[in-house]
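There are 2 protein chains.
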Amino acid sequence: MGIIGVEGIKARYMEEMTKMMCFSEEECDAIKSLNLFREFKKGSVLLKEGQFSATSYSLVKGCLKSYYMIDGEEQITGFYTETELYTPSCIVTNKPSKQYLSCIEDCLVSISNPEIESVMLERFPRFEKLCRISAEELLAKQKADFDDFKTASPEQRYINLTKNRPDLLQRIPQYQIASYLGLTPQSVSRIRRRLLTA
Amino acid sequence: MGIIGVEGIKARYMEEMTKMMCFSEEECDAIKSLNLFREFKKGSVLLKEGQFSATSYSLVKGCLKSYYMIDGEEQITGFYTETELYTPSCIVTNKPSKQYLSCIEDCLVSISNPEIESVMLERFPRFEKLCRISAEELLAKQKADFDDFKTASPEQRYINLTKNRPDLLQRIPQYQIASYLGLTPQSVSRIRRRLLTA
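Protein chains in written order, with our numbering: chain R, -11 to 186; chain C, -11 to 186.
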């Protein structure tokens, strides 16, 4: 995890969260006492189709991908990087997962689950508001992404990604980017060539 | 609005909400006193591209569609029917809307906006939890819809709709269904014929 080291990254993450959420010292201590940080090696599979999981992952460092196996092929539906949150749909549907979740890079995450949340929400009721606002913001963001995906041409989808998530193009292999955009690797190559010569 | 009449529908809606949310008499009276019901005729446009709106619509009766105008053509991204909620992204992004919202049928809705919500949340703090859970459920549902859209073939997208939202096929013209599925009307006709003769 580079020159700062894992403990440095954890400390900086807690500092940033404390600033953003205006955590009190008591709240901060309560969160630290839960020991929520976990490390996973690149390639680790955190969730498989058919499994039931109630664990959410907040990315501190690294990158996760969510995907489906369809006719033996990976179809990627999401990348999750620093500060993003992956919540398994099992929690809401009460059904086994239809998708997989794995680490594209070495990952440091902060985990949570409904039990941890309920303990924290009971002890610190003001977290209800933080969680509500965060869920509503995520909802709006996800809806905008969905609308963009539906209304954009393949070329426009690629251009949107270069504008909105240039970091993904740097750290993720092109064939996985293609799968995420619902395109073939050949289409992405063609689009890139067209854009470079335009 | 049929034989029960608008007042009957409003009363039944309040009864159902009261049951679902376990509203106390005080909470119920507070909501009623806000006079949130509005009626709109079929064809009414509630939001246009470039406008800023903070008004959310809970569908009591009728159907709304959200859409983008792209190269002079409507691209439909959502249908909202009884018990569903449309929230404009403006509230979160603080930018003008990129999409339109209009009534496909005569509509009876219950409106809200951040000011109304903040008054109610201050008066009845337990609503924070209701709103958080509802936002988290919507988030999971929307994510599943997005994943389905990304991973399904055109035919599978149509089959998913017949399974998950058979009501939409009954009340919405086929060319609008096609737009919503990201397909041409001709493709939808072909898919329907194939499924009928299969």
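There may be inaccurate statements among the hints.
Capping the alpha-carbon separation at 20 Å, the derived lysine to aspartate or glutamate pairs in DMTMM-like fashion look like this [to be verified]:
1. R/K138 to C/E143
2. R/K86 to C/D133
3. R/K83 to C/D133
4. C/K36 to C/E105
5. R/K117 to R/E15
6. R/K86 to C/D135
7. C/K86 to C/E125
8. R/K86 to C/E14
9. R/K129 to R/E61
10. R/K36 to R/E61
Derived from the structure by calculation, the hints contain no laboratory data.
Regarding the pair R/K83 and C/D133, is the alpha-carbon distance no greater than 20 Å?
holds (15 Å)
Sort out whether R/E61 lies within 20 Å of R/K129, counting only the CA atoms.
violated (28 Å)
Holds or violated: are the alpha carbons of R/K86 and C/D135 at most 20 Å from each other?
holds (10 Å)
Would you check the hint for R/K86 and C/E14, treating anything up to 20 Å between C-alpha atoms as holding?
Roughly 43 Å separates the two Cα atoms, so the pair is violated.
Would you mind confirming whether the straight-line C-alpha gap from C/K36 to C/E105 stays at or under 20 Å?
Between C/K36 and C/E105 the Cα gap is close to 23 Å, so the pair fails against 20 Å, i.e. violated.
Take the C-alpha atoms of R/K117 and R/E15, compute the straight-line distance between them, and say whether it is at most 20 Å.
Satisfied, since the Cα-Cα distance of roughly 15 Å is no more than 20 Å.
Proposed proximity, C/E143 with R/K138 (alpha carbon, max 20 Å):
holds (16 Å)
Restraint status (C-alpha distance of C/K86 to C/E125 at most 20 Å):
This hinted pair is violated, its Cα atoms lying about 25 Å apart.
Just to be careful, I want the Cα atoms of R/K36 and R/E61 compared with a cutoff of 20 Å; is the pair within it?
Cα-Cα ~14 Å, so holds.
Can the restraint linking R/K86 and C/D133 be considered satisfied, given a maximum Cα separation of 20 Å?
Distance of about 13 Å is within 20 Å: holds.
Checked against the numbered hints above, the structure breaks hints 4, 7, 8, 9 and satisfies the rest.
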